[in-house]
Amino acid sequence: EPEVTQTPSHQVTQMGQEVILRCVPISNHLYFYWYRQILGQKVEFLVSFYNNEISEKSEIFDDQFSVERPDGSNFTLKIRSTKLEDSAMYFCASSPGQISGNTIYFGEGSWLTVV
Amino acid sequence: LAKTTQPISMDSYEGQEVNITCSHNNIATNDYITWYQQFPSQGPRFIIQGYKTKVTNEVASLFIPADRKSSTLSLPRVSLSDTAVYYCLVGYQGGKLIFGQGTELSVKP
Chain A
1417 EPEVTQTPSH
1427 QVTQMGQEVI
1437 LRCVPISNHL
1447 YFYWYRQILG
1457 QKVEFLVSFY
1467 NNEISEKSEI
1477 FDDQFSVERP
1487 DGSNFTLKIR
1497 STKLEDSAMY
1507 FCASSPGQIS
1517 GNTIYFGEGS
1527 WLTVV
Chain B
-6 LAKTTQPISM
4 DSYEGQEVNI
14 TCSHNNIATN
24 DYITWYQQFP
34 SQGPRFIIQG
44 YKTKVTNEVA
54 SLFIPADRKS
64 STLSLPRVSL
74 SDTAVYYCLV
84 GYQGGKLIFG
94 QGTELSVKP
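Those protein sequences? They're chains A and B, same order as listed. Heads up: the first sequence begins at 1417 in our numbering, then just goes up one per residue. Heads up: the second sequence begins at -6 in our numbering, then just goes up one per residue.
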């Protein structure tokens, strides 16, 4: 079964450092997403990406965050100048389309710890 | 996006059938209903999706009444490994799924 893969599975970083989380979406999917889940809290939408552009973003996704599809397979989330409150599980996801009925598939997540 | 309401927690025993009901009174005409399962420290895993009536796959069944204002996820003969949080989601715009707290299912031996 095709799956979304994410690296690293766990990263510890110093406050103020930059972090890049990587994802390989399912190969024939066109829409890509990042979500995050702070420990003990709900899964939260961060951003959706299509055709090399951000199509929607949440209030959480401020100037500290950026996304990129640097090549035909990878999709990355960059967090500049990390803060303690950025510690969370970050999930990449992808879907073939973007209307209800198109299933969004999630990766296993990258656990980011900011110290 | 339609708001969903589901029980916060449920307990069951191995081998039993578990039914988790979700209400979504404001579901829109084009909205599909999707259920995900999440284990601790893992990503949400797609279980099943439907629009109306009944959908069945190798993992679960989804029952949707004619008015579509609720849906029931049915897990046949649960095992300890089915202990997880189950989320009911309805529709999405721009890939923006709105996750609630989900239903924490605890399966006991």
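Some hints here could point you the wrong way.
Unchecked claim - Distance ranges between label pairs, derived from CB positions: (1) B:Thr65 / A:Gly1517: 40 to 46 Å; (2) A:Met1431 / B:Phe56: 45 to 51 Å; (3) A:Val1440 / B:Gln9: 16 to 22 Å; (4) B:Gly93 / A:Asp1487: 32 to 38 Å; (5) B:Thr65 / A:Glu1475: 38 to 44 Å; (6) B:Met3 / A:Val1531: 35 to 41 Å; (7) A:Met1431 / B:Asp60: 47 to 53 Å.
Treat the hints as calculated values from the structure; they're not laboratory data. Glycine included, C-beta positions come from ideal geometry on N, C-alpha and C.
Status of each hint after checking the structure:
1. At roughly 19 Å, the beta-carbon separation of Thr65 (chain B) and Gly1517 (chain A) lies outside the given 40 to 46 Å, and the hint is violated.
2. With their beta carbons about 49 Å apart, Met1431 (chain A) and Phe56 (chain B) fall inside the hinted range of 45 to 51 Å.
3. For the pair Val1440 (chain A) and Gln9 (chain B), the supplied restraint of 16 to 22 Å is violated, since their beta-carbon distance comes to about 38 Å.
4. The hint said 32 to 38 Å for the Cβ distance between Gly93 (chain B) and Asp1487 (chain A), and at roughly 36 Å that hint holds.
5. The hint said 38 to 44 Å for the Cβ distance between Thr65 (chain B) and Glu1475 (chain A), and at roughly 33 Å that hint is violated.
6. The hinted range of 35 to 41 Å is satisfied by Met3 (chain B) and Val1531 (chain A), whose Cβ atoms lie roughly 37 Å apart.
7. Between Met1431 (chain A) and Asp60 (chain B) the C-beta distance comes to about 51 Å, which sits within the given range of 47 to 53 Å.
Consistency with the previously given hints fails for numbers 1, 3 and 5, ordered from lowest to highest.
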